[in-house]
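Trainee: Given next are the chains, with one letter for each unit.
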Amino acid sequence: MSSSPGSSSIRMPGIAPLLVFASIAAMVLLVVGPLAIVFTEAFSKGLSRFFLEIREPDAVAAIRLTLLVAAISVPLNAVFGIAAAWTVAKFEFRGKSLLLTIIDLPFSISPVVSGLVWVLLFGAQGWFGEWLIDHDVKIIFATTGLVLATVLVTLPFVARELIPLMQDQGSDEESAAITLGADGFTTFWKITIPNIKWALLYGVLLCNARAMGEFGAVSVVSGHIRGMTTTLPLHVEVLYNDYDFVGAFAAASLLASLGLVTLVVKTALEWRHAGELSATRRH
Amino acid sequence: MTFDTNLTRRRLITASAALGAGAAATPLLLGAGQAQAADALTLLNVSYDPTRELYKAINSAFASWWKGRTNQTITINQSHGGSGKQARSVIDGLQADVVTLALAADIDEIAARAKLLPANWQSRLPNNSTPYTSTIIFLVRKGNPWKIRDWGDLVKPGVGVITPNPKTSGGARWAYLAGWAYGSRVGGAAGAKEYVTKLYKNVPVLDTGARGATTSFAQRGLGDVLLSWENEAQLVIDEFGPKFDIVYPSSSILAEPPVALVDKNVDRHKTRTLAEGYLNFLYSPLAQEIIAKNHFRPRNPDIAAKYASQFKQIPLVTIDQAFGGWKKAQVTHFADGGVFDQIYKPG
Amino acid sequence: MIDQAIFRPVVPAAAKRPRLWHWREPSILPGFPLGLGITLLYLSLIVVIPLAALAIRPWELGLSGFWRVLTDERVLRAFRLSFGLSILAALLNAPLGLLIAWSLTRYQFPGRRILDALVDLPFALPTAVAGIALTTIYAPNGPIGALAAKFGIKTAYSPLGIFIALVFIGLPFVVRAIQPVLQEVDREVEEAAQTLGASSFQKAFLVILPAIAPALLSGVSLAFARAVGEYGSVVFIAGNMPFKTEIAPLLIVIKLEQYDYAGAAAVGVGMLLISFAALIVFNAAQILLARKGRA
Chain L
1 MSSSPGSSSI
11 RMPGIAPLLV
21 FASIAAMVLL
31 VVGPLAIVFT
41 EAFSKGLSRF
51 FLEIREPDAV
61 AAIRLTLLVA
71 AISVPLNAVF
81 GIAAAWTVAK
91 FEFRGKSLLL
101 TIIDLPFSIS
111 PVVSGLVWVL
121 LFGAQGWFGE
131 WLIDHDVKII
141 FATTGLVLAT
151 VLVTLPFVAR
161 ELIPLMQDQG
171 SDEESAAITL
181 GADGFTTFWK
191 ITIPNIKWAL
201 LYGVLLCNAR
211 AMGEFGAVSV
221 VSGHIRGMTT
231 TLPLHVEVLY
241 NDYDFVGAFA
251 AASLLASLGL
261 VTLVVKTALE
271 WRHAGELSAT
281 RRH
Chain V
1 MTFDTNLTRR
11 RLITASAALG
21 AGAAATPLLL
31 GAGQAQAADA
41 LTLLNVSYDP
51 TRELYKAINS
61 AFASWWKGRT
71 NQTITINQSH
81 GGSGKQARSV
91 IDGLQADVVT
101 LALAADIDEI
111 AARAKLLPAN
121 WQSRLPNNST
131 PYTSTIIFLV
141 RKGNPWKIRD
151 WGDLVKPGVG
161 VITPNPKTSG
171 GARWAYLAGW
181 AYGSRVGGAA
191 GAKEYVTKLY
201 KNVPVLDTGA
211 RGATTSFAQR
221 GLGDVLLSWE
231 NEAQLVIDEF
241 GPKFDIVYPS
251 SSILAEPPVA
261 LVDKNVDRHK
271 TRTLAEGYLN
281 FLYSPLAQEI
291 IAKNHFRPRN
301 PDIAAKYASQ
311 FKQIPLVTID
321 QAFGGWKKAQ
331 VTHFADGGVF
341 DQIYKPG
Chain P
1 MIDQAIFRPV
11 VPAAAKRPRL
21 WHWREPSILP
31 GFPLGLGITL
41 LYLSLIVVIP
51 LAALAIRPWE
61 LGLSGFWRVL
71 TDERVLRAFR
81 LSFGLSILAA
91 LLNAPLGLLI
101 AWSLTRYQFP
111 GRRILDALVD
121 LPFALPTAVA
131 GIALTTIYAP
141 NGPIGALAAK
151 FGIKTAYSPL
161 GIFIALVFIG
171 LPFVVRAIQP
181 VLQEVDREVE
191 EAAQTLGASS
201 FQKAFLVILP
211 AIAPALLSGV
221 SLAFARAVGE
231 YGSVVFIAGN
241 MPFKTEIAPL
251 LIVIKLEQYD
261 YAGAAAVGVG
271 MLLISFAALI
281 VFNAAQILLA
291 RKGRA
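Chains as they are written, first to last, in the working numbering: chain L, 1 to 283; chain V, 1 to 347; chain P, 1 to 295.
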């Protein structure tokens with residue numbers, strides 16, 4: 001959170017430097033260290049080698065595939081998130097807590113399992129395997145499978161961001177608009193969307209970061225065909241196993257940069273729109 | 001905060017969001033072009049870990065050879081990984097036209113579980129369907145500080161042995177069997193079991209594949225000796241510099257990594273001719289020469305003679321003589337509850 | 001990156017309880033059938049049916065076979081390692097996250113905002129990248145690993161290495177859960193404590209700690225849930241020795257590579273069940289703490 005430190009007296013000024021130092025030390029050891037390693041290794045053979053590595057055809061194909069998978073999964077989860085939040089926040093119905101539990105479920109599933117379930121369904125030995133082969137539909141070891149695994153892993157992010165906010169906002173504005181004769185779509189478009197747009201963008205950012213960085217789940221359904229079914233995180237692993245450490249870390253640095261960009265946008269959002277982002281964050 | 005700056009910032013953020021969406025949509029269009037290219041003549045070779053460099057060279061040689069013969073432009077796609085994992089992927093529907101795996105047992109699994117090729121696949125190509133052989137040797141740190149000369153030295157207390165998990169890695173299975181063969185040579189069946197038990201007590205890290213094990217040894221500085229594919233050991237010296245020495249033990253195993261056509265897949269893709277051409281090409285003098293240059297032992301006697309100095313001759317037991325074939329070895333040693341599970345106990 | 005909205009339990013507004021004979025409260029707002037329809041369809045296709053496929057698979061072994069897989073010593077050890085280390089990592093993340101959240105909310109120091117943003121990095125960094133980077137640092141020839149080795153401590157390729165990776169990925173969950181509460185508590189509790197004449201130290205531990213306990217517990221439970229299933233960042237640093245450093249998700253992968261689909265699914269179901277049980281305990285504790293805090 002970015003609001004400035006509280007001006008209270010519960011600050012324990014005497015040991016402040018100690019606590020701050022300990023925090024920074026912990027962060028350097030745990031978080032800054034790995035980040036620094038990624039970039040120093042990526043640029044260890046110079047800038048030109050770095051650019052050579054990321055313009056290599058397989059790397060370009062991996063970047064493209066990663067963007068494609070995210071470009072399909074994130075909007076799907078965004079539409080789902082809006083629909084789920086509208087249903088849960090604006091209406092009272094039985095079984096709501098069960099619905100919320102199922103929305104949360106992907107958080108507690110191991111990524112490996114999130115990949116495995118698709119193999120069990122659509123793999124050649126799975127439930128629909130034979131039918132798919134007979135009809136020449138490729139799901140596993142193709143883009144569709146990568147999308148399915150990614151969608152499962154990142155499903156809750158947008159919904160989870162919108163639900164508390166929309167519950168907090170209530171439905172008074174929408175009810176007023178409907179009473180005044182606006183149709184449902186106009187109400188949704190003119191009132192609800194403006195109210196939630198920053199939280200929506202924020203949720204999409206989270207979802208996107210996780211979608212582009214997912215490794216365990218896509219690893220199970222990828223088949224690792226170079227230049228075809230390797231996403232960027234898988235490409236990092238492929239290069240690492242090729243003993244091309246500079247290339248691996250160059251690809252990794254792209255992903256780390258993506259993470260950093262997400263952080264910057266997120267921080268900017270929080271500074272500007274803290275109140276609109278999420279009900280629980282108002283202080 | 002004035003209204004103006006607020007608005008500007010909002011616009012900025014909206015603009016950047018729009019930019020992001022635009023960037024994300026671009027590949028959709030590009031992706032369509034890629035799908036069209038897939039209609040061209042392509043072949044998918046699903047292979048194991050240490051053949052990455054080999055097939056890179058073979059594929060480009062074959063593509064130009066094929067072009068010269070048929071005037072067709074072809075693309076060969078590669079997938080690499082642990083041998084078992086790759087076989088599993090093919091069973092689950094990875095559309096491999098040809099498989100080139102570390103050991104026959106994994107292709108047997110494809111034949112048995114997914115029925116994608118006949119059970120007698122190994123008799124369809126010369127030399128047990130193995131266009132090249134290899135063996136398991138030792139890689140030690142420069143100057144060989146632990147004075148490791150033979151298998152017996154690996155079980156000395158304090159020696160760190162790096163080898164992957166035989167359950168998941170083909171190379172590790174060959175290495176385990178090579179150790180077993182040494183053990184039974186010096187101490188019979190009981191001696192063999194005792195030997196491999198001691199051997200795996202000295203293993204500090206069990207990677208899932210050959211490449212992971214090599215990285216642990218060469219890049220992370222773990223252990224004192226790597227049980228390595230012969231070609232992999234040479235490659236490490238090429239890639240990581242002269243920080244290592246190769247040690248040939250008194251005996252090892254003749255590793256035969258087989259290749260096979262995946263019938264049902266090539267028929268579906270209508271690539272049988274191309275796939276057959278590809279596999280036969282592996283036996284040609286041109287490919288055999290590439291094989292030798294990549295430190296695999298060629299089958300072609302002329303090429304083998306030409307590169308003889310590169311491959312030290314040591315007694316090599318074969319899987320058929322010493323273990324009664326892969327089917328038997330797999331069940332006895334590596335199946336759940338097999339010898340490897342028995343010797344690998346906690347504590 | 002993460003904010004607590006994601007992992008705070010969403011409590012259905014209890015004000016208007018649906019009457020027994022209505023399965024939903026009447027509302028003048030449109031779109032309920034559409035919204036619920038999309039939600040249910042999507043959840044069925046993406047979550048429910050695939051998990052059903054997972055849950056059904058192990059039964060081809062029969063109940064006894066299923067049980068045999070889960071009670072196999074190697075599986076038990078992997079479970080113990082995964083769940084044990086995840087709990088330990090979450091427990092370390094509690095004071096560590098508290099320390100960092102405290103520094104970020106209470107003190108002004110150069111680089112505070114950067115530090116604040118960096119807290120989310122473990123979440124933004126792809127797990128495989130994190131795994132390779134952590135291994136590079138903590139391997140015996142890495143900068144920190146070499147230092148630890150001088151004192152005879154093995155970092156990478158030991159349970160300690162897995163522990164470090166799990167602390168890494170769990171940290172943002174804890175910090176982000178308690179940060180806003182810390183800020184809120186500040187104002188509300190302040191005056192009360194002031195009038196009672198408590199010392200800074202007393203205030204900190206007797207007043208603030210109970211107030212943030214529910215949020216802390218929520219963050220810890222999420223860090224735990226994430227750690228249990230973690231694969232990408234752990235496999236590189238773990239060493240993967242059966243019985244010693246083999247985590248449960250890796251065991252699923254290994255079983256798959258031996259064509260043991262039913263066994264892999266059984267381990268997956270087992271993990272899911274234990275995770276659920278743990279989360280229920282966490283949630284119960286959280287509700288209890290929240291009630292106590294209110295009383």
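No lab work stands behind these hints: they were computed from the structure. A quick note: this is a predicted structure, and the numbers were derived from the prediction, not measured. Certain hints may be false.
Unchecked claim - Simulated coverage check for chain P against chain V, where a stretch passes if three residues somewhere in it have a Cβ under 8 Å from a Cβ of chain V:
#	stretch
1	91 to 102
2	232 to 245
3	258 to 269
Where is the CB? At the ideal position from N, CA and C, for every residue including glycine.
Trainee: Next, verify each hint and record whether it holds.
Mentor: Hint check:
no.	hint	result
1	91 to 102	violated (count 0)
2	232 to 245	holds (count 7)
3	258 to 269	holds (count 3)
Of the hints listed earlier, the one the structure fails to meet is number 1.
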